[in-house]
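One letter stands for each residue in the lines below.
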Amino acid sequence: MRVLVVEDDEGIAEGLAAYLGRDGHAVDRAATLAAGWAALRAEPFDLLLLDLGLPDGDGLGLLARLRAAPAGALPDPATPVLVMTAREQVAARVDALDRGADDYVTKPFDPDELAARMRALRRRAAGRSQPLLQHGALVVDPAGRSVLRDGQPVPLAAREFAVLLALLEARPRVLSRQQLEAALYNFDSALESNAIEVYVHHLRKKLGDGVIRTLRGVGYYVPAEPAA
Amino acid sequence: MSAPAATAAQPHSLLRHLLAWTLGALVLTWASFLVAGYRAGLHEADELTDGHLASVAALVLAGGSRGWQAPPDDEAPPPPPSHEYQRTISLVLWDAQGRLLAHSGPAPLPAFSREEGFATLALGSPPRPWRSFARWSDDGADAAARQRVLVLIDDADRVSLAWDIAGQVAAPGLWLLPALALVLGLAVRRGLRPLRALGDDVRALDVQQAGGLRDAHPAQEFTAVVDAINQLVARYHAALQNERELASELAHELRTPLSSLVLRSRALREAEGPPDRAALARLERDALHAGEVLGQLLALARASHAALAEAAQPVDLEALARRVLADAAPAALAAGHELALDSAGPCRVDGHPLLLELALRNLVENAVAHTPPGTLVELRLDAARRTLLVCDGPLPPGAGSPAAAAPGRPAVPVGALGLGLGHRVVAKVAAVHGARFDQPPPPPGFSRCDRLQFAPAPAGGAPPGSEAERISIVTERRAPSRPI
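Sequence order for the protein chains is A and B.
Numbering (the working numbering) for the first sequence: -4 to 223.
Numbering (the working numbering) for the second sequence: 8 to 491.
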């Protein structure tokens, strides 16, 4: 999942980036509203983690601006937004939710709770209600970051899991290599030109050739119906 | 236990109080009328009876007293009065030699004398007072033919007449008094209705709301009270709101380093390989910041006028300022700031040393945290004006915004609260010490100034004009000039 963290506290931003990065998320950080807006305009993000008290203004201003953006272009006004702030008053929470936030956590928060809320937001954005993703004999648990094939666990690296999850959530749509890269890497990552091909190759070796298909010259996809 | 006893005691009723005073005054007035009526009645009775006696005497003498015969039988009872207002008059007649010619009426026979005029005689056994009038007949040169007439009336009749007159004067009051008391009670009760309304309004007052009293209470006599209550409620509400905002902001200030601590700890726990020393250092800094905020929170929570009264002690602000600046110097100098202290000598105030240090530290650290490198932060202690100023100078050439951090250092150093919150902390400490915290126009060469103005020293303390009597503290910020 590509996540943008708009947070001015260096410790929190770094901690979030480290914690989420280990789960295979691509995390970009912005310390100001201006930097956050620039990042949203540059790349699509699966989730925005937004602090409210920022040096150049209130995060709710960025939220309102995002929600008011035209659809079909960047920034994507449908981007899920999770507000994380030290404002604990009910009125502040209600205000943030009313102005377009999808969820709200109060500092200090448990990182596991934050991750669970992020998964829930991602699930809702993908139109799913079930926490597990199933595709034929394949069962993927985004929370536990585990994959079962015919009931047997399949060990996957963090990036491999991220590619599989992105394709499963997007099925049967085709994701280009650039889209997969955008979901897997942040602005600072050093990309190798064939990284996505390598991850797909590893996934096919572990899961079989029938799960991930290639549309030559376009990208990769998981078919709506699993191969018999 | 005086408090429960006081609580159990019946509250004093203003209505009863007013009624008691009003009716008391009324009864007093009525009693004075009664006394005046009795005295007037006595006087009138004197005039009436004396006139009556004189008239009877004149009538007897003019009507030919020679027609009077020997004295009647003294034992015979007086004839009954023919009219209810008729007075029983006694009459005694003597000739010039003192022989009794006639005697009528219930009065005992007095001894003969040659006196004329009015007199009060004590007659009978036991003696009773009788009012009398004596007169000699005027028979020309024949002195031997002259007669002396004595007319008497029982003095009790005279007193009875006086009481009768007084009764007539006071009688209306007897039936008017209860009616008047009732009417007065109702009038006073009705007149006190605005006061009761004010009492009900005060009783229903919710100090959590800033509105004050619900009703206007337009009575002129209530204006001062209503204004005072509304001002008191407004001030209380403002103080309450201030406390809430302060607590909320301190909690906010505490939550951020705690969040950072949690996330960094988790990252370190799950990290593979040797521990990241930089991450550990950041962890330590966050923990120190959280501890600093918590310490300030606790100090402020304990801060109150009552606590200050118990813990107040003489504090030398100059020594305190020197210590605070020395503590702040390493971080400030490392960040390219300059610090300076301008003080003429020791300045003592009665206060809480920990809280005063907290306030001073906040002012200095905020001045350092919110100004670019190269700025001079100066602390001025003015004993004459009991003022402490923290000022910073204009931005040095090429500097960014005051809030911008120098590269490689956090915008706010460890321990420094946000500017607004830091000022709230200082304002709270100032309020506890009865001091004033504000931002006056900065002195020449400075761009911003925070001032703590302490109240004048109490009378009987240091002599006027002395260093101990006049204390002021100034912290200033400006462009580099004089390092400490």
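No lab work stands behind these hints, which were simulated from the structure alone.
Keep in mind it's a predicted model, so treat the numbers as computed, not measured.
Where a beta carbon is used, it is the ideal one built from N, C-alpha and C, also for glycine.
A hint or two may mislead.
Examples of chain A residues lying across from chain B (beta carbon under 8 Å, computed) [what the hints assert, rightly or not]:
hint: 1; residue: D4
hint: 2; residue: I7
hint: 3; residue: A177
Contradicted hints - numbers only: Number 3 - this is the single hint that the structure violates.
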